[in-house]
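Engineer: Sequence:
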Amino acid sequence: MAKSRGSMITDHEGEQIKRANESGRSPVVFVHGLWLLPGSWDRWRALFEEAGYTTLAPGWPDDPNTVEEANRHPDVMAHKSVGQIADHYHDVITKLSMKPAVIGHSFGGLLTQILAGRGLSSASVALDPAPFRGVLPLPLSALKSAAPVIGNPANHDRAIPLTYEQFRYAFANAVSEEEARELHATYAVPGSGVPLFQAAAANLNPWTEDKVKTKNPDRGPLLIIDGELDHTVPWAIAKASYKKQKRNVGVTEIVKVPGRGHSLTIDHGWQEVAEIALNFVQRFAKR
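Under our numbering, the residues of the sequence shown are numbered 80 to 366, in order.
Honestly, I wouldn't trust all of these hints.
What the hints assert, rightly or not - Here are the simulated DSSO-like cross-link-like pairs (lysine-lysine), alpha carbons at most 27 Å apart as the crow flies:
id: 1; residue 1: Lys325; residue 2: Lys292
id: 2; residue 1: Lys365; residue 2: Lys174
id: 3; residue 1: Lys323; residue 2: Lys290
What the hints contain is simulated information worked out from the structure, not anything from laboratory work.
Taking the hints into account, I'd like the entire structure generated from these sequences.
Structural biologist: Here's what the structure looks like:
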């Protein structure tokens, strides 16, 4: 994938930055999580553009362009740490002429909170966010969802795909079998093992990259959204993250979406969730 000279920002991301800066509109940056690519946000981007925003969906460093390419060449997705990925989005955001709203899912929800803690967002929405240091609950379903990776220490340095059965449990437990298979075929890609191992050890490692500056007064408004039936990030984890975040002087809110699992950003009910996020952003980020 071509990259701009002297920068980790790809040419495609550079074009998105240029388009956003020339639009005069308030930007919204979307951050994907493990086992997905930036294209998973396409429908969300269209909805937010219709509402008057300009949108960007940068990738993690070295993200392939397509699901097919990612599954053919999974090794390029290995070795990506939380800190490296956060710094990449930091670089993108600081090239924008206006402070953006930031919206992220799963590990993208964790990254969203890291970026907000750096004072980089006008408003933030963290969907089914992976836990950070200080978030203590560890429900069995979260352990089972992570087991395909953290169950083998050698996976730290690999990019690990989810089988359909693993995806069904971790992402698509709240949709039909037919839809689950379609989502797996359409969206699922291998994911770097590093972030999961970092999350697993965060509360044992005081130097972890998996930490959030929850008390920064420049954090801005934050909404946490979690699916009621999420196996990967159960409500206990989302609520514990909220309790840490609500100590901030800024607005901090949390919403539980009934009957939804970890696939809530990509499954048939995506628009309901996107509109919750949009309504929050509209309260704080001018168009």
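Engineer: Is it true that the CA of Lys365 sits at most 27 Å from the CA of Lys174?
Structural biologist: Distance ~19 Å between Lys365 and Lys174 Cα, so the pair holds.
Engineer: For the pair supplied as a hint, Lys325 and Lys292, is the alpha-carbon distance within the 27 Å limit?
Structural biologist: 12 Å, holds
Engineer: Starting from Lys323, check that the Cα of Lys290 is at most 27 Å away, please.
Structural biologist: 11 Å, holds
When each numbered hint is compared with the structure, no violation occurs for any of them.
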